[in-house]
Amino acid sequence: MGLVSNSPLAHEKLVKRIIKELQGLPGALLPILHRLQDELGFIPPALLPVIAAGLNLSRAEVHGVASFYHYFRSSPPGRNSIQICRAESCQAMGSRALEAHAQRTLQCKFDQTSANGEFTLLPVYCLGNCACSPAVRVGDKVYGHVDAAKFDALVAALSTSEVEVK
Amino acid sequence: MTAAPSKIYIPRDTTACSLGADRVAEVIQQHIRKHQLALEIVRNGSRGLYWLEPMLEFETEQGRVACGPITPEKADEFMAAACWRNIDKHPLYLGLTEEIDYLKKQQRLTFARVGIIAPTSLEDYCRHGGFAGLRTALAMKPQAIISCVTDSGLRGRGGAAFPTGIKWQTVLDTTSAQKYIVCNADEGDSGTYSDRMIMESDPFSLLEGMIISALAVGANQGYIYLREEYPLAEEVLNRAIDVAYANGYLGKAIAGSNFSFDLELRLGAGAYICGEETSMLESLEGKRGEVRSKPPLPAISGLFGQPTVVNNVISLATVPIILAQGDEHYQRYGAGRCRGTLPFQLAGNIKYAGLVELAFGYSLRDLLEDFGGGTRSGRPMRAVQVGGPLGAYLPESQWDTALDYEAFIEIDAVLGHGGVVVFDDSVDMSEQARFSMEFCAIESCGKCTPCRIGSVRGVELIDKICAGDAPTQNSILLEDLCYTMANASLCAMGGMTPIPVRSALEHFAEDFEVDPGPASRPSPQA
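Chains G and R supply the protein sequences, listed in that same order. To convert, count from 1 in the first sequence and add 24; that's our numbering. To convert, count from 1 in the second sequence and add 225; that's our numbering.
Where hints are given, some of them may not hold.
Derived Cβ-Cβ restraints for the label pairs, each shown as a range [said to hold, decoys possible]: (1) G:165 to R:266: 41 to 49 Å; (2) R:298 to G:162: 49 to 57 Å; (3) R:520 to G:171: 45 to 53 Å; (4) G:36 to R:554: 45 to 53 Å.
Below, in silico cross-link-like pairs of lysine-lysine (PhoX-like), each with a Cα-Cα straight-line distance of 25 Å or less [to be verified]: (5) R:477 to R:366; (6) R:299 to G:165; (7) G:165 to G:133; (8) R:576 to G:174; (9) G:40 to R:512; (10) R:672 to G:44; (11) R:314 to R:299; (12) R:259 to R:232; (13) R:519 to R:299; (14) R:329 to R:232; (15) G:133 to G:174; (16) G:174 to R:299; (17) R:329 to R:576; (18) R:299 to R:232; (19) R:672 to R:512; (20) G:165 to R:576; (21) R:366 to R:519; (22) R:330 to R:576.
It should be emphasised that the hints constitute simulated quantities derived from the structure, not laboratory data. All residues carry an ideal CB built from backbone N, CA and C; glycine is no exception.
Please construct the entire structure, taking both the sequences and the accompanying hints into account.
Below is the structure:
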């Protein structure tokens, strides 16, 4: 993610390349949307007509699919996306309190990004880490037994690494 | 112990890694390099004894021994003190892994290799009985393969418990030039992780099951529909598929036969409903994951309108051992109409959370007491939700129920995919009931009204009841709503959401009570 220039022209070039590569797959729309989000971090709405034309679908059909799935986003996320599991196993271990703590700490609600653009907070319904609830995911890393202190440490570590990168 | 071990096993499994197993592996690797130790690291899967993770294992003359939990903080000291040379002296030494009580009391058939082998090592897989089932199947006629699966008594492990062999028979009997095998790996139920474990720890068993299924019904294309929330499973499965192609287990002329089968992994995108088979097929076709009306059954008109086997990960991963050991071997396990084993997953507020594969017939209490060991918080257990977010909340009076599909249906509960989520006495069951409705509202595909709108109304009604707003009338209305959702929804999402709600209302009614002020008392005519 983030390797592609943010200009609309670059986005269009990218999506055309992805379409060309994947359009031969049966049911190619989800793989195309996935690849696009992998590359850009989101699916710019302006690209939906390009995908529609490439797959010989209507714009409504492509919009309908992109907007159906919780995972696909239409706006850029913060530098880190933090997913907090809201499902029953995590509830049994205090995830409701963790959710509240996270929203207070980052000063944003679910599906929002913190004011400094560092963190997007997302709900998730099960990470399959139910033996070590509550669970949190950042990128491809899953964390277990996450309480408020562990959450704060995680946020601090992610914030620091961002500073170092700059 | 006479000689120092030569191999150290460090699990690479989502949960073990969530507790620092990757970091432990790094620390140990650094020590090995720095001190040029004659110690080889193997990244195995997890045995599923999760309270002991990261659990290290060592190859010794006596067999594999375990030690855990070795957290990243402890790993450095562990290596610096050369604990691994005299592992049996370590305070966290657990003895021979196979002799650990939790593991020894299980009947691991589907999970026989899980945690033992390196997940994507074909050599390991074959050395531990892998592809024996396929070899048997390749020498059989399609009908004989299906009869073997039918006679084994295997029923769909995704939760619906439909006989696997009968589903395959329908696909075999439907004439078509193109048939598909689709593995439903959209394991979205909270409290379940058995599919994830198979995919991360023994992916070839799933591939082998799919190949046998394809051989049986005459399919040449398969898809694994994996949820996006499982990035490690995605990586391991893709690697396993590559290895299988490179070694002639996928593609043309499989294992030297004239049978061809291609397999592709596809990712979901965060939609619980896509665990419903027809919704998943729509998603695979590149559409919104909206449920289809049945009939036609997917076995007759499934993916792209063609006859399709849709099976859960555990069902498919169990097929190889049935073919390898014979249907009678599998049949011998279990009770009543539930043959074989089910991998139960202990989750939530439980001390010894982990994977427990057991033959059907044990009681829920046996599972909670013999394996679970009480709550993690140390407080009394109050409610247990079995079978995922659409399963009932069971009070203690129901814990003696046998873990058996039919016995659970009798008490208006479901065994589902085998998830067992424990709550202690701090739980507010009205919050749980409300969440069941809220989850249905969030995840409903929106196609049918009872589910789409009923769930929203359900949240509102529970809020009113708990706020003391005409609780008697609103409780009647809520029951009426549950009746409508249960009977008029298109699929199990709306149809089963009333199960946890009703169980909470019935068994934990006190949690819905507020001190009813005079204004909210029901009027006499109500």
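Hints, one by one, checked against the model:
no.: 1; hint: G:165 to R:266: 41 to 49 Å; verdict: violated, 20 Å
no.: 2; hint: R:298 to G:162: 49 to 57 Å; verdict: violated, 20 Å
no.: 3; hint: R:520 to G:171: 45 to 53 Å; verdict: holds, 49 Å
no.: 4; hint: G:36 to R:554: 45 to 53 Å; verdict: violated, 59 Å
no.: 5; hint: R:477 to R:366; verdict: holds, 19 Å
no.: 6; hint: R:299 to G:165; verdict: holds, 21 Å
no.: 7; hint: G:165 to G:133; verdict: holds, 22 Å
no.: 8; hint: R:576 to G:174; verdict: holds, 20 Å
no.: 9; hint: G:40 to R:512; verdict: holds, 20 Å
no.: 10; hint: R:672 to G:44; verdict: violated, 32 Å
no.: 11; hint: R:314 to R:299; verdict: holds, 16 Å
no.: 12; hint: R:259 to R:232; verdict: holds, 17 Å
no.: 13; hint: R:519 to R:299; verdict: violated, 55 Å
no.: 14; hint: R:329 to R:232; verdict: holds, 23 Å
no.: 15; hint: G:133 to G:174; verdict: holds, 19 Å
no.: 16; hint: G:174 to R:299; verdict: holds, 18 Å
no.: 17; hint: R:329 to R:576; verdict: holds, 18 Å
no.: 18; hint: R:299 to R:232; verdict: holds, 19 Å
no.: 19; hint: R:672 to R:512; verdict: holds, 13 Å
no.: 20; hint: G:165 to R:576; verdict: holds, 24 Å
no.: 21; hint: R:366 to R:519; verdict: violated, 30 Å
no.: 22; hint: R:330 to R:576; verdict: holds, 17 Å
Hints 1, 2, 4, 10, 13, 21, counting from the list given before, are not met by this structure.
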